[in-house]
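Novice: Chain residues, written in single-letter form:
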Amino acid sequence: MASASSPQQTLLIPRHVQYIKDLGQSSNELGYHLTSHLRMNAIYWGLTALCMMGHKDALDREDLISYVKSCWDEEAGGFGAHRDHDAHLLSTLSAVQILVILDALDEIDVDRVVSFILSLQHPSGVFAGDRYGETDTRLLYTAVNALSLLGRLSDLDIEKTAGYIVKCRNFDGGFGAVMGAESHAGQVFVCCAALAIMDKLDEVDEDSLAWWLAERQLPNGGLNGRPEKLEDVCYSFWVLSALAILEKVDWIDAEKLTAFILSAQDIEGGGIADRPGDEVDVFHTIFGIAGLSILGYPGLGDLDPVYCMPAELIESLGLRKRWRGLPRRAAP
Amino acid sequence: MHGVKRVRQSPEALAAKKEKEQAKLNSYLELTQTILAKKKSKDWSGEAFDLTTKLLQVNPEFYTVWNYRRDILLNGTFPRSSPQEINDILSSELHITTTALKQHPKVYWIWNHRRWCLASIPDVPQPAAVDEQEQGQASTEPAEVDPRGWQKAAWDREMYIVEKMLDADPRNFHAWNYRRYILSESPTPRPLSAELAYTTKKIESNFSNFSAWHQRSKVYAQMWESGEADVEGSKEAEFDLVLNAMYTDPDDQSVWVYHRWLVGKTPSLALLQREIKAIQELLDEQPDSKWCMESLVHYKQLLLQRHRSEVNSKEVIGDCSRLLRELRSVDPDRRARYAELEEKLLAAFA
Ligand SMILES: [Zn+2]
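Chains as they are written, first to last, in this note's numbering: chain A, 1 to 332; chain B, 1001 to 1350.
Derived from the structure by calculation, the hints contain no laboratory data. One should not assume that every hint holds.
[Said to hold, decoys possible] Partial list, derived from the structure: chain B residues whose beta carbon lies under 7 Å from chain A: (1) K1017; (2) E1019; (3) K1020; (4) Q1057; (5) F1062; (6) Y1063; (7) R1070; (8) R1180; (9) F1210; (10) S1211; (11) Y1247; (12) T1248; (13) D1251; (14) Q1253.
For each residue, glycine too, the CB sits at the ideal point set by N, CA and C.
Start from the sequences and build out the full structure, keeping to the hints where you can.
Specialist: This is the structure in structure tokens:
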């Protein structure tokens, strides 16, 4: 039996900080290059995780800014995931988030970014990811979040945009990726957060949705994304962020979920995996830490579940919406 | 990374792996650089197209290369091709992505490319009118060809592919979303009754497949709206099916969620009472069933909200209270929810 102080039951902050720092140093590995289409997202995930752990300065500010700027797609007016990659909404939001965290928005042409984002909206209200792209509520949230961070939400047709989300709402209170799609915790997060940003939370069927979200917890403490599916650390964030927006985080067992997330850490190499014993990645590392932050884990900073960014920062920008995590616990 | 086991390797093993990978890495980087440079110089050649095929086989997530591939087709290949040739190219694109999907069933970009291909299939050209004098024959009208013939053939094949994908993973939401896209956009619409039969087949092979239950709820909603199915009659048959599933596995969440949809938010008193009775009977057989108790609370609350004057509300409130307390011990993970529901109930109806 692991005791309360065993490494498996404590968040190994120094290990995770080192793990994130090392991610940028693995450019002689094939896996690093095979994931270049996620590089901008990965930097945002890593930086946000570092902020939560109180190590924002572990990555060099100037390096990050110049990297972000090097991914600018002059033709499209947005950011690609890596140098010479096409502009895409997903990487553009990550770029904006990184620059907001680093207080460096003045380094880019905000007007062009705003036009790029708005040009991707379809008449139905949904957004495409790029000029050839698919459309879904994930991309809609990406656009709403970025416009809000850029201080340009007023350029968006809120009724039309929120109207699309409403069309994706299901009888269980959840939301799907497109009209007619099954409720999925990831989509529930993006739809609730987008509605929160647009001050349209009255469109949420709170009783049904909070019930559906609470039922995502499995006997082993982990959360799944849909009925009768397996648990996964990343759902800790999708489900918890939506519960935090509904102010119902206490509707699941926080202690069991905390233990589940901690058990998915790589106690030697750092980082968090989807489940115990699996290979870690920065995606599950941030969403595990984000989940722990919402659960009030001691020693972590507060995460704003709507923007998935440091709460203090969002508050200072005047963008804070209604949400509630569990109170921060004192270190034992 | 999802579902990849962590293996702890010795420094020696890691170094050996890296060395083995080095050649692969070098050729991958070289190919990437070549392609991105060609893209920058707007090279729409067939050679560039073939290079994208090669790269996407190694890394189907490289969305910039998918975009470039479509740019080559639109700017280079299609303008110098006949409709027949364009159709052949798109068929081969669909074939390539089928192979890619078998290996990477959850990559957004592959599904996306398929949609683009389908939407890009040209109309079949009409045969030119025959020049009568030259032929020295009597005037004959050329037989008309269905202009959407190629599209119809391609979309019909898609239905087959998506079923294969759902056989491999019946919960793959990419495949279900794609399926709904095909159903709604196909030039040869499929009757809703056929889709209903498909969900029956999926549910019968596994009651836990909530994706199929969900699809069923959407199909019924459409059939009721269009008048293709009688609301009362089909609901009765559904209640039988669901009850059967509940008895088969009372712990299966999918069935209970679907039942909640079936009952809806505005049920009649008779319906509520009948369903409450059926669930109570199951609870008597399975006294620890969380889902029986949780559902009873939900439906009894609906009784209070919608039919309060017609029921003994004191008794119903008492039942709910008792069930909620029992739920706190049967399902302690959600104890705070049950406590809150009880508190609210007592405040609302005290
Ligand atoms: Zn995951």
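Novice: Each hint should be assessed against the structure and marked as holding or not.
Specialist: Status of the hints after comparison with the structure:
{"no.": "1", "hint": "K1017", "result": "violated (9 Å)"}
{"no.": "2", "hint": "E1019", "result": "violated (11 Å)"}
{"no.": "3", "hint": "K1020", "result": "violated (10 Å)"}
{"no.": "4", "hint": "Q1057", "result": "violated (12 Å)"}
{"no.": "5", "hint": "F1062", "result": "holds (6 Å)"}
{"no.": "6", "hint": "Y1063", "result": "holds (6 Å)"}
{"no.": "7", "hint": "R1070", "result": "holds (6 Å)"}
{"no.": "8", "hint": "R1180", "result": "holds (5 Å)"}
{"no.": "9", "hint": "F1210", "result": "holds (4 Å)"}
{"no.": "10", "hint": "S1211", "result": "holds (5 Å)"}
{"no.": "11", "hint": "Y1247", "result": "violated (17 Å)"}
{"no.": "12", "hint": "T1248", "result": "violated (14 Å)"}
{"no.": "13", "hint": "D1251", "result": "violated (10 Å)"}
{"no.": "14", "hint": "Q1253", "result": "holds (4 Å)"}
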